[in-house]
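The listed protein sequences correspond, in order, to chains A and B. The first sequence: position 223 = 224 (this note's numbering), numbered continuously. The second sequence: position 1 = 129 (this note's numbering), numbered continuously.
Check before you lean on any hint, since a few could be wrong.
[Claimed, not checked] Simulated pairs of lysine-lysine, DSS-like, Cα-Cα distance not exceeding 30 Å: (1) B/K256 to A/K153; (2) B/K383 to A/K126; (3) A/K126 to B/K256; (4) B/K300 to A/K108; (5) B/K211 to B/K300; (6) B/K211 to A/K69; (7) A/K69 to B/K420; (8) B/K300 to A/K53; (9) A/K53 to B/K211; (10) A/K155 to A/K200; (11) B/K130 to A/K153; (12) A/K53 to B/K420; (13) B/K300 to A/K69; (14) B/K290 to A/K155; (15) A/K155 to B/K300; (16) A/K113 to B/K211.
[Unchecked claim] Simulated restraints on C-beta separations: (17) A/M2 to B/D301: 54 to 60 Å; (18) B/T215 to A/T214: 54 to 60 Å; (19) A/D107 to B/D301: 55 to 61 Å.
Rather than coming from a laboratory, the hints here were simulated on the basis of the structure. All residues carry an ideal CB built from backbone N, CA and C; glycine is no exception.
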Amino acid sequence: MLRIKDLTVNYGGINALRSISLDVPDGKIVTLIGANGAGKSTTLRTISGLVKAASGSITWNDQELIGKPIDSIVSSGIAMAPEGRRVFADLTTLENLRIGAYLRTDKDQIEKDIEWVYSLFPRLKERSWQYAGTLSGGEQQMLAVGRALMSKPKLLMLDEPSLGLAPLVVQDIFKIIRVLNEQGVTVLLVEQNANMALKIADLAYVLETGSITLSGSGEELLTNPQVKEAYLGKKN
Amino acid sequence: MKILLPYILSGVSVGGQYALIAIGYTMVYGILRLINFAHGDVFMVAGLVMVYLAASTPLYIAIPATILITVALGFTIERVAYKPLRTAPRMSVMISAIGVSYLIQNLTLYITGGLNKNYPEIPWISDKITIFGTTTTRVTLITPFLTVALCLILVWIINHTKIGMAMRAVSKDFETSQLMGIRINSVISATFVIGSFLAAVGSVLFFTNYPGIVPTSGSMPGLKAFVAAVFGGIGSIPGAVIGAFIIGICESLIKGLDTILVTQGVMASPFGFATFSDAFTFVLLIVILVFKPTGLFGEKQTDKV
Chain A
2 MLRIKDLTVN
12 YGGINALRSI
22 SLDVPDGKIV
32 TLIGANGAGK
42 STTLRTISGL
52 VKAASGSITW
62 NDQELIGKPI
72 DSIVSSGIAM
82 APEGRRVFAD
92 LTTLENLRIG
102 AYLRTDKDQI
112 EKDIEWVYSL
122 FPRLKERSWQ
132 YAGTLSGGEQ
142 QMLAVGRALM
152 SKPKLLMLDE
162 PSLGLAPLVV
172 QDIFKIIRVL
182 NEQGVTVLLV
192 EQNANMALKI
202 ADLAYVLETG
212 SITLSGSGEE
222 LLTNPQVKEA
232 YLGKKN
Chain B
129 MKILLPYILS
139 GVSVGGQYAL
149 IAIGYTMVYG
159 ILRLINFAHG
169 DVFMVAGLVM
179 VYLAASTPLY
189 IAIPATILIT
199 VALGFTIERV
209 AYKPLRTAPR
219 MSVMISAIGV
229 SYLIQNLTLY
239 ITGGLNKNYP
249 EIPWISDKIT
259 IFGTTTTRVT
269 LITPFLTVAL
279 CLILVWIINH
289 TKIGMAMRAV
299 SKDFETSQLM
309 GIRINSVISA
319 TFVIGSFLAA
329 VGSVLFFTNY
339 PGIVPTSGSM
349 PGLKAFVAAV
359 FGGIGSIPGA
369 VIGAFIIGIC
379 ESLIKGLDTI
389 LVTQGVMASP
399 FGFATFSDAF
409 TFVLLIVILV
419 FKPTGLFGEK
429 QTDKV
């Protein structure tokens with residue numbers, strides 16, 4: 002279980018997060034929704050150790066994560082597929098997956114996990130020897146997720162996986178998120194596509210300018226009038 | 129052809145020595161986008177260390193010890209002068225590199241008193257040999273082969289090992305590499321270690337051909353290796369090697385142009401082309417920057433299909 006308590010982050014002179022608290026229970030899909038600049042990405046980046054917190058705490062199975070080096074956060078079982086996919090363009094698809102397993106030493110199991118990722122995303126297998134930079138946007142997103150999975154995370158953080166993708170591709174990605182969750186991976190999902198995210202989420206938080214303004218189950222927020230108007234584009 | 133041969137031989141040899149330095153420039157640039165101005169001086173220090181060590185220890189200890197000390201120097205420079213500036217603007221790191229370069233030159237000036245230090249004679253490799261009727265030293269012949277062999281090993285490391293894969297990843301995206309659990313500082317250190325190792329090997333081969341070393345001995349070979357790296361496309365290892373060989377051969381041919389033209393009867397008396405051999409390298413730099421700023425094998429944008 003990941004627990005964030007009173008987390009404050011200052012980013013380039015701005016209060017990116019103002020004392021937020023949230024829980025990501027094991028085995029659930031939790032989503033953070035909100036407008037641009039609300040602090041969604043900053044939350045994920047702080048958990049992964051890329052951004053330093055000003056105050057507060059982030060505990061992962063009762064271990065404090067703040068102040069830990071990024072590689073030890075990764076090896077403790079937290080992986081992130083960053084916003085904009087950020088695949089290594091001049092590494093092949095296969096190398097991108099291998100680098101996801103950078104901290105692992107169990108060679109045989111790594112080979113099995115590559116096959117597992119290929120079974121989740123058969124398209125990637127066809128593109129195994131292709132440079133990641135030549136893949137389509139959807140394939141790159143699949144690769145970014147697959148790469149994150151190669152560290153065998155217990156918590157998978159996805160930053161805007163639907164960004165810039167065709168609706169059908171987005172549906173595929175969300176299907177996979179569900180499948181992964183059923184296989185026991187906890188998912189923390191940041192999305193602008195609030196409709197898709199809330200449908201899939203067990204638990205959802207709404208972020209507005211660095212503060213959490215609403216929280217509840219995905220269904221609750223889907224029917225919440227404020228959420229409907231602000232994020233789902235529906236007038237009551 | 130026969131008259132060209134000695135110049136081509138020595139050109140290939142000096143080209144190989146430039147290549148060993150150029151790889152250090154190109155690798156560091158590839159990862160940090162930094163032109164490590166101190167690299168030529170590290171090369172010079174390798175030469176000086178060899179001078180001092182060879183005076184008191186046998187060569188089979190002096191050479192490996194020189195390489196080790198040079199590697200330690202390269203590693204330390206990165207940790208002390210560049211690592212603290214990791215998040216600073218690129219220009220600050222560049223200025224730090226210039227500072228390190230002058231610091232090293234002035235420290236060695238202080239230690240040596242600016243006097244020319246005689247480079248030790250390394251028996252076997254400085255022996256004279258005759259090839260196709262041309263007399264040369266063994267080092268001239270060994271250098272290109274050693275250079276190419278070391279490059280092939282390096283390229284293999286980069287393409288087929290875990291640390292090589294990490295280097296390729298870090299050179300493109302620090303942040304995402306960190307998300308993979310890669311410790312970027314270790315990868316950057318590894319880059320400096322490799323670059324300094326090759327510079328140390330290059331310095332043994334290079335200075336064997338010269339009578340001695342002064343604190344500025346690293347500047348010219350360093351600059352030429354840098355031009356070679358730019359010519360080949362900075363960031364590309366094969367590019368740096370090919371660029372270095374081309375520059376070495378051209379330089380050597382220009383140095384011999386007077387003799388060649390006079391003996392061929394083209395000119396009655398020498399014109400003094402040799403004076404322009406260094407100038408040629410830098411004219412080449414300007415021409416490359418004007419017509420092909422990314423060099424022979426410079427980074428291309430990957431096109432989506």
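Here is what the structure says about each hint:
Under the criterion of a C-alpha separation no larger than 30 Å, the hint pairing B/K256 with A/K153 is inconsistent with the structure, at around 61 Å. At roughly 56 Å between alpha-carbon atoms, B/K383 and A/K126 are farther apart than 30 Å, so this suggested pair is violated. Taken as a hint, the A/K126 and B/K256 pair is broken in the structure, with Cα atoms around 58 Å apart against an allowance of 30 Å. Among the hinted pairs, B/K300 with A/K108 is consistent with the structure: their alpha-carbon atoms are about 25 Å apart, no more than 30 Å.
Straight-line distance between C-alpha atoms of B/K211 and B/K300 comes to about 18 Å, which keeps the hinted pair within the 30 Å bound. Between B/K211 and A/K69 the alpha-carbon distance is near 19 Å, which keeps this suggested pair within the 30 Å criterion. The suggested pairing of A/K69 with B/K420 is violated, with an alpha-carbon distance near 45 Å, which exceeds 30 Å. In summary, the hint linking B/K300 to A/K53 is supported, as the alpha carbons are separated by about 23 Å, within the 30 Å threshold.
Between the alpha carbons of A/K53 and B/K211 the distance comes to roughly 19 Å, so the proposed pair stays at or under 30 Å and holds. Between A/K155 and A/K200 the CA atoms are separated by roughly 22 Å; this keeps the pair inside 30 Å, and the hint holds. For the hint linking B/K130 to A/K153, the alpha-carbon distance of about 64 Å lies beyond 30 Å, and the restraint is violated. As the CA atoms of A/K53 and B/K420 are separated by approximately 42 Å, the hinted pair breaks the 30 Å bound.
Note on B/K300 and A/K69: the hinted pairing holds, with a Cα-Cα distance of about 24 Å set against a maximum of 30 Å. Using a Cα cut-off of 30 Å, the hinted pair B/K290 and A/K155 holds, with the two alpha carbons roughly 24 Å apart. Proposed proximity of A/K155 and B/K300 is supported: the alpha carbons are some 27 Å apart, at most 30 Å. Note on A/K113 and B/K211: the hinted pairing is violated, with a Cα-Cα distance of about 38 Å set against a maximum of 30 Å.
Take A/M2 and B/D301: their Cβ atoms lie about 31 Å apart, and the range 54 to 60 Å is violated. At about 33 Å, the beta-carbon gap between B/T215 and A/T214 misses the expected band of 54 to 60 Å. Look at A/D107 against B/D301: about 26 Å separates their beta carbons, and that is not inside 55 to 61 Å.
Taken one by one, the earlier hints fail for this structure at numbers 1, 2, 3, 7, 11, 12, 16, 17, 18 and 19, listed in ascending order.
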